[in-house]
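Quick mapping for you: the protein sequence lines, in order, are chains A and B.
Numbered per my numbering, the first sequence spans residues 1 to 137.
Numbered per my numbering, the second sequence spans residues 1 to 406.
Mixed in with the good hints there might be a few duds.
As the list claims (entries may be wrong) - To give an idea of the interface, some chain A residues facing chain B are shown, with a C-beta separation under 10 Å as derived from the structure:
1) VAL66
2) LEU96
3) ILE98
4) SER99
Unchecked claim - The following residues of chain A were derived to be distant from chain B, with all beta-carbon distances above 12 Å:
5) ARG58
6) ARG114
7) ALA137
Said to hold, decoys possible - Far from chain A, by Cβ distances over 10 Å, these chain B residues were calculated:
8) ARG19
9) GLU46
10) THR183
11) PRO326
If you're looking for bench data, these hints aren't it; they were derived computationally from the structure.
Virtual Cβ for every residue (Gly too), placed ideally from N, Cα, C.
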Amino acid sequence: MAERRPDRPLGPGHDEFWGWCAAGELRLQRCSVCGHLSWPAVADACERCDSTELTWERMSGLGTVVSACTFARDYFRDTFPIPWDTILVELDEGALLISDPVGFTRDDIGPAMRVAVTFIECEDSAGPFRLPVFAPA
Amino acid sequence: MADESAAGVVVPPDEALSRVVAIVGVGHTDYAADYAASRSGDPGHEAPDDDSLCLAAFEAALADSGLTRDDVDGLSLSNMYGGADLEATAARLGIEPTYAVRTGGLMAGLIPAATVALAEGRCDTLALVYSAASRSIGRVFGGASHTNMGRHSYSYYHPWGWSSQAAHWAMMFDHYEREYGATEADLAHVAITVREHAGRNPHAIMRAPLTVDDYLASRYIVAPMHLFDMCLVNDGGVCVILRRADMTADLPHPPVLVAGWGSDRIHHSKMHFMVRERLRPQLQEAAAQTFAMSGLDLGDVGHFQAYDASTIHLVNQLEGTGFVAPGEGLEFAKAGEMRLGGSLPTNTSGGLLSEAYMHGWNHVVEAVRQLRHEAGDRQVAGVGASLYSLATTDEAFPVLFTRPEV
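Okay, chain B solo, but in the shape it has when bound:
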C-alpha cells in the first residue's frame, strides 16, 4: 500500500552510467521474528523503532559486503515514518559520510540517484538505509486521518466514502473482471504463487501454503479485493550497499551491476490511466528507457521483482511491462509461468504480499541474492538479468540488474 506522499526520485537514464555501479552488500532485519513478537502480546516485547531497525539492517549489509565502516563514505537515508536526522543516524551507524541525503522512503529512483552520486565522485561506497515501523506505530492506510493530500489522492474522494490504497486496487480489478471476464478465483493464483515462493524463504513472514478455497474464504477489505490480495503490515529495515564497480574485485560476492533504469508518471486523467490502462503507457515508457540504457531487452530478463502492494498490481506490471499481453496475466499465473521453473519467476522471496512490506526494498535484496546465485532452493537456475519494478498508482520506476558477464 504505497503512500502517495512518498514520491519517487526522477533521474534521467544515461547509457554512460550503465554498469558503473554495483550492489555489494544487502542486509535486513528479521521480518518474521519481529512480526511474531509484535503479534504475541508479550508484555516484554520492545517494539523496534526506526533507529534500531536502521542499525540492524546496516550491520547485516556491512557484514554481507565484506567491507568495514571506514569504507562507507556515503549515506542515503529513507525512514518511511519519522526517525533520526542524517547526522544522528550516521553517528549511530558509526560512519562519517562525505555525502549524505535523506529521501522519501519508497525504493523508487534511489538506486539511480545513488549511482549518479558515485559516478560523480561524491563518494565511493554508499549505504542506502531504510526503515518502517509500520505495525508498531499503528499505521492506518485510509480514512479521515488522511486529509487534504491533494487532487491526485484518494482523500479527494472522501465525501463519497472512497478511501485507502486498497480502493485503488479494487477499482482496477473490478474493471479487469468486467473487461476480460476474469474472476476472483483467477486472481487467487497470483497470491498462491507468491505465497509458495515465500514458503521457500526462511525470512518470509507468511509461509503457509494458500489454496483457492482459503483465498475465496478470506474476508474482503474492499471488494473485489480479499485479505490475501493485500500486502502485509510489519516493521522492518533494509540496507543496500552500492560501490563503484571498479572497486569490487576483492569482495566476497559477485557484484550485481546497475545496468539500466527508467521512470514515467501519470500527468493527468489519473482515473483513466490507473483503472482502464492500469499504467500500461507509463510502464511501457519506463521499461523502454531501462532497456535502451542497458543494451538489453525484455527477452534477456530471467527474473522479475515487482511491487506487489496488491495481487492485481503485480499483474499490472507483468502486463504493462510487456511480458504478457493485457488481459493475459492471470492465465500466465495459472499456467505456472510466474513460479520457479516457469518462464518468468516472479517475486521469488514472497514480495510485499508474503515476505514483508518493505516498500520495494526487499525486492532489491532478492534480486541481488538471485543474481549472486545464492538463493538456495528458490534459485532461478543460471539467471543473469533481473528486472525490478516499482510502480505506485501514479508512477513507474524500473531498474535492471545484471551479473558482470551479462
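Here chain A stands alone, though its shape is the one from the complex:
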C-alpha cells in the first residue's frame, strides 16, 4: 500500500525527475558546459553556470551517508511516525540528497556508511509516485 506523504514540488524540471523515479531510475540534470549536477532539479538552467545544456543523467544510485537528523517534533501532524530519521547522502557522482533511511536508523550510521537507492510507493495530493530512499549497500 502506498505511503501517504506531504506534497512533492511539481513543475518544470521536477516533473521530469519524478517521471524518471516512476521508471525506477534516479536521474539528475548534468550540465554539458561546466559538468555540474543541479539538485534539487532546475527548470531549465544549470544552477552553477546558467547554461541550458542539461541532460538527465542516470546516477549509479550508490552513495555515502554524510549526515542525519531525527525529528522529535511532529511537523506534519501524524503523517510520519515520530521519531522520524532523515539522512543526507552524497552520491558517488557528487550531488547531496536529503532522503530517508530504509532498513537502518540514525543510530546505525557508522563512518562513511555506504548506501544504495531504492524506490518506495507513495502518494500525495497529486497522485501516486515513487520516492527515492536509501538502504545499506
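Based on these hints, arrange chain B on the given structure of chain A.
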C-alpha cells in the same frame, strides 16, 4: 529560525561610505514583560500587534537619541509578518519622512542600505523600525503550511519528512559531530554561555542559569538539536536611529559609527555549502569585504554579535568568520573565550537564544550599548569595535561598528 522568504538587501561595500553614518538611538519593547504576559494565560492580556510594537520601540529609541520627531525624516520599516503600510506607520509614529522604504524584516543589509540613503542626502536622520508578533500570531516554523517555497527551501524535502529551520541546524551539527568527534555536551557550552550573559541583562526573556545536565535533559526538537539549542519565539519591536555622522556632535551619547559591511550568499550546491562548509566560504568573503571597507582587521574586533538562531550557527559564524579554526569553536566556548572576560565576548545580551528572537535587531542594540560603554555589569572593558554577523542558511551579512576614536 530565520525565514528564507526574508532575504537580505545586498549593498556593495564602499570605502567612501565608511564612518559617514552613525547609530544615535536604540530602543525596543519590554521583551521579558510581553513574554511573561503572553504565557500567563491572563484573559485581560491584550496581545501586542505590529503597530503597537513599532510605536513602543520608536518612542524608546527617540528618547534614547535625544532627538525629536521633527528631526526624523527617513523611515525604513520592517514588519516581519504583516503590519500597516508606510504611510499609516509614519502617521502613527508622528513623523513626516521624505524617504521611506519597506524591507523584508531580517536585519540583513538594512544598515548599509540606510547608510547609502543618508549619504545620498535622501534624508538626514533615519529610523529603522522592526516588529514581529511571532508568538501572538502563532507562527510555526515548519510543516505542511510552508509549501512551494522554492528549490532552496526545506519545503522541497517535505516528501521525505524533512522540514523546518531546526532541521538545517540538526544536519549541520550531526555532521560536525561526525567530522570532529564533538558531542552534544560540548555544544551545551554555547547555550550555557549565552544564557549566562542573559542573566546580566534585565531585558532578557530567559535568565536562569543553565547547566550541562539541564541541557542534556531537555527534549529534542530535531536530534541532535535540543530545545536549548533553538532560539526563542516571542513578540517584540526594535528601533535603530541612524544619522549623518557630522550631525551627531550635540547628542547625548557617543555616536556608534558604521565602519564597514559585506555580503555573500550560496549560489548553488546548497547542502554542500550549508552542511559541510557551514557557510565558511561565504562568511570569509563577506568578512573580507567588511574589513577592507573599514580599514580594520579581525584582531581589532573586541566584541562579536552573531545570529544565534541555533547554538551551532553561532559556532558556524565564529569559525567561518575566522576567529577560530573549523572544528575548534566548541573548545573555544568550553574554555570561556566567548564569555565576558574571554578573548571574544560573544552575544553579550543573550542573543536570540536567551534575550529575544528579534531577527538580528537585538544584536545591533547590544553592539551599540557596548560601544557606548553603557552595558553595565556585562560591559566589555574598553571595547572599540564590534562585529555584527547575520548569517542565515544561505547568506552572510556582517557589519562592523566602531567608536569614533577607532
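Each hint tested on the structure:
1. VAL66: 6 Å, holds
2. LEU96: 4 Å, holds
3. ILE98: 5 Å, holds
4. SER99: Where the cut-off is 10 Å and the nearest Cβ of chain B is about 6 Å from SER99/A, the hint holds.
5. ARG58: About 20 Å separates ARG58/A from the closest Cβ of chain B, which puts it past 12 Å; holds.
6. ARG114: Given that every Cβ of chain B is farther than 12 Å from that of ARG114/A, nearest at about 15 Å, it holds.
7. ALA137: 18 Å, holds
8. ARG19: 38 Å, holds
9. GLU46: 30 Å, holds
10. THR183: Holds: least Cβ distance 15 Å, greater than 10 Å.
11. PRO326: 15 Å, holds
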